[in-house]
Amino acid sequence: MIPLESFLPQGEAVSALIQQARENRMTHGLLISGEAGVGKWSLAWSLAAALLCENPDAGVKPCGKCKACMEVAALTHPDLIVLRKGEHLDPAAEAKTVIPVDDIKAMIGMVSLQGFQGNKHIVIIRHAEDMNQAAQNKLLKTLEEPPEGTHFLLTCVNADQLLPTIVSRCRPLKMHPWGDRDVMRVLTENGIDSARAQQAALDAGGSFGKGLRIAGDEEYWHFREEVIQDFLGGSSRSGILKVSTKWKDRKDEAEAIFTVLDQCFSRMAHRRLGLGSTGAALPPPWEKFSQRAELPDFIKLNEALTLARKRVRSQVQFQTVIEQLILTLMEAVDK
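Residue numbers (this note's numbering): 374 to 708.
Since the hints were made in silico from the structure, they are not lab data.
Don't take every hint at face value.
[As the list claims (entries may be wrong)] As a list, the in silico BS3-like pairs of lysine-lysine whose alpha-carbon atoms are at most 27 Å apart:
{"#": "1", "residue 1": "661", "residue 2": "624"}
{"#": "2", "residue 1": "619", "residue 2": "547"}
{"#": "3", "residue 1": "469", "residue 2": "458"}
{"#": "4", "residue 1": "514", "residue 2": "469"}
{"#": "5", "residue 1": "673", "residue 2": "683"}
{"#": "6", "residue 1": "511", "residue 2": "469"}
{"#": "7", "residue 1": "624", "residue 2": "683"}
{"#": "8", "residue 1": "493", "residue 2": "438"}
{"#": "9", "residue 1": "583", "residue 2": "547"}
{"#": "10", "residue 1": "458", "residue 2": "478"}
{"#": "11", "residue 1": "469", "residue 2": "583"}
{"#": "12", "residue 1": "673", "residue 2": "624"}
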């Protein structure tokens, strides 16, 4: 579980929220929104631990050591209710792609009873936009007038998919993509060695959720290295056919290929502008390119990737897309 203090770089709204959690004056309804991977679920999870922590003398809540904190970390605390699609409170529920109204009914019944280990109930609704309309309507009254000691923590990517009446009953908290240093810090705090943490932070695109996911994924790093060597490592046009033949049946990986290349070009641009982005070394011609290239050169690289994506969507033969892309990249680096 990520410590609450790790979320402080998100700004004053989070700082105030953490203070309120420590002082047991949290709002009864909180809507945490933001892009995938920015830590919405992690923040809700840590807040739940803070609200249920049994150690009032802990300098920083949650203490992470008491029975309640341990149970929240394992998602086994009897007063923590987590709703998400595919994992239903009501065993009779059949819906797998939504949070059904039966789960909301079951949750309302649970929070109407005395807590098992105290006087609080914490309800986390993960990806709240997954509630169908009947479920959202059923939640409204309880969200507006919750039983004493009940706190609702809703997370979502698309708040527009929630009923306006749901949104209006919650305090909004918008989370933003993280800086590379913040992502790296979170990764190292979670046991990732510093070299891998730095590399994963650069690839995470402001998402420590993605950073944590890819840090230990050796297949990801192998694929990334394979793309860099094949698409950027060639020194002669005679090798283009060999590379395109190797990749021609891997069209399902097209977007992953373009993403790796996009990350490389972005880092080169940041390095050229003196913004400090480094990462793993690139093939020598591209290292030199990153030292001398100007803005129009980087624009051309992005245009090449945009065109490749468009050709894939237009059902152009993938081997042809690869050959044209590599040729364009070679012309750019040889300029």
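Give me the numbers of the hints this structure contradicts, sorted from smallest to largest. 1 and 2
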